[in-house]
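Chemist: Using the sequences and the hints given, assemble the complete structure.
Residue-level listing of the chains:
Number of protein chains: 2
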Amino acid sequence: MSVTDELLANNAAYAESFQGPLPLPPAKHVAVLACMDARLNVYGILGLQEGEAHVIRNAGGVVTDDEIRSLAISQRLLGTKEIILIHHTDCGMLTFTDDEFKKGIQDETGLKPQWAAESFTDLDTDVRQSINRIKASPYIPHTDQVRGFVFDVATGKLDEVV
Amino acid sequence: MSVTDELLANNAAYAESFQGPLPLPPAKHVAVLACMDARLNVYGILGLQEGEAHVIRNAGGVVTDDEIRSLAISQRLLGTKEIILIHHTDCGMLTFTDDEFKKGIQDETGLKPQWAAESFTDLDTDVRQSINRIKASPYIPHTDQVRGFVFDVATGKLDEVV
Chain A
1 MSVTDELLAN NAAYAESFQG PLPLPPAKHV AVLACMDARL NVYGILGLQE
51 GEAHVIRNAG GVVTDDEIRS LAISQRLLGT KEIILIHHTD CGMLTFTDDE
101 FKKGIQDETG LKPQWAAESF TDLDTDVRQS INRIKASPYI PHTDQVRGFV
151 FDVATGKLDE VV
Chain B
1 MSVTDELLAN NAAYAESFQG PLPLPPAKHV AVLACMDARL NVYGILGLQE
51 GEAHVIRNAG GVVTDDEIRS LAISQRLLGT KEIILIHHTD CGMLTFTDDE
101 FKKGIQDETG LKPQWAAESF TDLDTDVRQS INRIKASPYI PHTDQVRGFV
151 FDVATGKLDE VV
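Going down the list, the protein sequences come from chains A and B.
If you count by this note's numbering, then the first sequence holds residues 1 to 162, one letter each, in order.
If you count by this note's numbering, then the second sequence holds residues 1 to 162, one letter each, in order.
Treat the hints with caution; some may be incorrect.
Just so you know, same-sequence chains aren't split out, so a pair can sit in one copy or run between any two.
What the hints assert, rightly or not - The calculated DMTMM-like cross-link candidates involving lysine to aspartate or glutamate, where the alpha carbons are at most 25 Å apart (straight line), are: (1) K103 <-> D65; (2) K157 <-> E16; (3) K81 <-> E100; (4) K157 <-> E108; (5) K157 <-> E50; (6) K157 <-> D90; (7) K103 <-> D159; (8) K135 <-> D65; (9) K135 <-> E6; (10) K112 <-> D65; (11) K157 <-> D144; (12) K112 <-> D5; (13) K112 <-> E160; (14) K135 <-> D5; (15) K135 <-> E50; (16) K81 <-> D99; (17) K112 <-> D144.
No lab work stands behind these hints, which were simulated from the structure alone.
A quick note: this is a predicted structure, and the numbers were derived from the prediction, not measured.
Modeler: Right, here's the structure in full:
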């Protein structure tokens with residue numbers, strides 16, 4: 001049995017006690033952008049319930065065109081107004097450089113990705129970079145409540161980057 | 001008090017019973033790519049625990065360069081091998097067209113986004129499109145276990161797209 005099959009069996013148990021449907025727009029008018037890291041249970045970390053917040057995630061919790069796309073749809077079509085960014089300690093993005101990652105792919109496949117891998121060397125600096133990219137985008141209407149945090153994978157606490 | 005402040009208060013309660021740190025690589029060697037929709041609690045839907053799976057999310061759960069970037073990092077550097085795609089019923093991406101969304105932004109800001117909004121008209125077709133984009137990418141090494149599902153926001157159940 002694949003892991004996917006095992007997780008599908010979990011879904012049957014989830015559906016048994018599921019209460020739906022809820023409304024489409026997020027009830028708390030907030031969008032969270034976090035790293036994809038397996039240790040970040042965003043609903044748990046923020047005490048979110050189903051239906052309350054958009055959750056956007058990628059490697060690093062960084063801001064590229066695709067996160068601008070998601071945030072623009074979130075704010076313009078579905079009414080969110082606040083943005084919470086979450087990076088975290090012990091992040092995989094701190095363990096490599098873009099150049100070495102892309103060279104590894106090129107050596108193996110003969111093709112070098114045309115995108116940046118978005119690795120970084122300092123958590124706080126990259127959180128500020130992400131906030132700045134959002135504030136610099138002409139497509140995100142609400143940027144007065146954009147706050148960034150580092151989640152500590154040892155303690156479970158969020159520390160704000162100021 | 002902002003919603004962000006309210007959620008930070010929730011984090012203090014989460015940290016009190018938090019057990020960490022867990023290892024960095026996902027224990028179940030799986031990456032999930034799901035829509036950002038507020039009603040999709042991915043950990044709940046799949047019965048995932050902290051540390052088990054990468055979770056990537058965006059508007060629609062679609063595959064663009066940034067999801068290829070995240071999946072390439074997930075598989076090449078952190079050992080995941082299976083991919084689970086989750087779209088869902090009552091998705092906001094079914095309610096607009098790229099042209100009208102981008103025209104709205106252009107009318108308001110004078111700038112037309114250079115990216116596609118990635119709206120779609122049929123859930124199953126877009127799940128298959130996402131699977132095909134992953135399988136067509138030269139940067140994702142493991143594509144024999146890529147399966148796609150539609151989450152029913154009324155019942156809590158995942159239905160596989162075949």
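Chemist: If a hint holds in the structure, say so; if it doesn't, say that too.
Modeler: Evaluated hints:
1. In this assembly of identical chains, K103 and D65 lie within 25 Å of each other by CA distance both inside one copy and across copies; the values are 23 Å within and 18 Å between.
2. For a Cα distance limit of 25 Å, the shortest separation of K157 from E16 across copies, 9 Å, qualifies, whereas the shortest one inside one copy, 32 Å, does not.
3. Taking the closest pair of Cα atoms, K81 and E100 come within 25 Å of each other only across two copies (22 Å); inside a single copy the shortest separation is 38 Å, beyond that limit.
4. Taking the shortest alpha-carbon separations for K157 and E108, neither the intra-copy value of 39 Å nor the inter-copy value of 39 Å comes in at or below 25 Å.
5. For the identical chains of this complex, K157 and E50 are neighbours both inside a copy (21 Å) and across copies (14 Å), given an alpha-carbon limit of 25 Å.
6. Taking the shortest alpha-carbon separations for K157 and D90, only the intra-copy value of 14 Å comes in at or below 25 Å, while the best inter-copy value is 34 Å.
7. Proximity of K103 to D159 under the C-alpha cut-off of 25 Å is found in neither arrangement, the shortest distances being 34 Å within a copy and 39 Å between copies.
8. For the identical chains of this complex, K135 and D65 are neighbours both inside a copy (13 Å) and across copies (22 Å), given an alpha-carbon limit of 25 Å.
9. In this homomeric assembly, K135 and E6 come within 25 Å of each other (Cα to Cα) only across copies, at 23 Å, whereas the closest approach inside a single copy is 42 Å.
10. For the identical chains of this complex, K112 and D65 are neighbours both inside a copy (20 Å) and across copies (13 Å), given an alpha-carbon limit of 25 Å.
11. In this assembly of identical chains, the alpha carbons of K157 and D144 lie at most 25 Å apart only when taken from the same copy (24 Å versus 37 Å across copies).
12. With identical chains, the CA atoms of K112 and D5 are never at most 25 Å apart, being 34 Å at best within one copy and 43 Å at best between copies.
13. Taking CA atoms no more than 25 Å apart as the test, K112 paired with E160 passes in neither setting, with 36 Å inside one copy and 33 Å between copies.
14. For the identical chains of this complex, K135 and D5 are inter-copy neighbours only, at 20 Å across copies versus 42 Å inside a copy, given an alpha-carbon limit of 25 Å.
15. For the homomeric pair K135 and E50, neither the shortest alpha-carbon distance inside one copy (28 Å) nor that between copies (31 Å) is at most 25 Å.
16. In this homomeric assembly, K81 and D99 come within 25 Å of each other (Cα to Cα) only across copies, at 24 Å, whereas the closest approach inside a single copy is 36 Å.
17. Within a single copy, K112 and D144 get their C-alpha atoms only as close as 38 Å, which misses the 25 Å cut-off; across copies the closest is 23 Å, which meets it.
Hints 4, 7, 12, 13 and 15, counting from the list given before, are not met by this structure.
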